[in-house]
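Colleague: Between the sequences and the hints, there should be enough to build the whole structure, so can you do that?
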Amino acid sequence: KNQVEQSPQSLIILEGKNCTLQCNYTVSPFSNLRWYKQDTGRGPVSLTIMTFSENTKSNGRYTATLDADTKQSSLHITASQLSDSASYICVVSDRGSTLGRLYFGRGTQLTVWP
Amino acid sequence: EADIYQTPRYLVIGTGKKITLECSQTMGHDKMYWYQQDPGMELHLIHYSYGVNSTEKGDLSSESTVSRIRTEHFPLTLESARPSHTSQYLCASSPPLHFGNGTRLTVT
Chain A
8 KNQVEQSPQS LIILEGKNCT LQCNYTVSPF SNLRWYKQDT GRGPVSLTIM
58 TFSENTKSNG RYTATLDADT KQSSLHITAS QLSDSASYIC VVSDRGSTLG
108 RLYFGRGTQL TVWP
Chain B
31 EADIYQTPRY LVIGTGKKIT LECSQTMGHD KMYWYQQDPG MELHLIHYSY
81 GVNSTEKGDL SSESTVSRIR TEHFPLTLES ARPSHTSQYL CASSPPLHFG
131 NGTRLTVT
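Chains as they are written, first to last, in my numbering: chain A, 8 to 121; chain B, 31 to 138.
Keep in mind the hints are simulated off the structure, nothing from the lab.
A few of these clues could be false.
Claimed, not checked - The following label-pair restraints were derived from C-beta to C-beta distances:
1. A:Ser-14 - B:Pro-126: 39 to 47 Å
2. A:Gln-16 - B:Ser-97: 36 to 44 Å
3. A:Thr-118 - B:Pro-125: 30 to 38 Å
4. A:Thr-58 - B:His-103: 26 to 34 Å
5. A:Thr-118 - B:Glu-109: 33 to 41 Å
6. A:Thr-63 - B:Pro-113: 25 to 33 Å
7. B:Pro-126 - A:Thr-63: 37 to 45 Å
We put the beta carbon where it would ideally sit given N, CA and C, even for glycine.
Modeller: Pasting the structure below:
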């Protein structure tokens, strides 16, 4: 069964600290993996997208890694800011259908305290 | 600015009412989607469209219907709202995948 599991479910850190969010997946055949940030009451916004051949991608203070062999990804946030408080969602796409089926994790709820 | 718009942002309605959630995108995307999202849960696909006059049901059983008469417009209709329909509804389009800000629906 194709699944996307994220950990931790929630995380609280102090402003200025770094943190790493995890995503494990069983989706096959794999096409790409995306990380989204979803602020409360808003739609998800794309942070990074990685294909099979990419093992790291950065977007400002956000760096995503991908290990396609172990089917694991991480999102590292550097020097956290209050505005980083949000839900971070891992989304994996397969290439086994014309739709490019998307599998969503339940997200990690990050809270940054001053 | 190219974007995807959903209206209303919030809706509180009584049981049995008919409602339509609007979604429009100005990016010229062929593919559009409706997702349902409950707190702490993953997004569930309820409807999708490959293009004009093309609509399909997603994974989550839904009593809603959709239409795609124009490329930019993908409304979702509930003929008779029930409390179990209370949720956040997210519209998206692709490629690349881009989400609207959602409609928070409460059925009393």
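Colleague: Enumerate the violated hints, using their earlier numbering and listing them in ascending order.
Modeller: 1, 6 and 7
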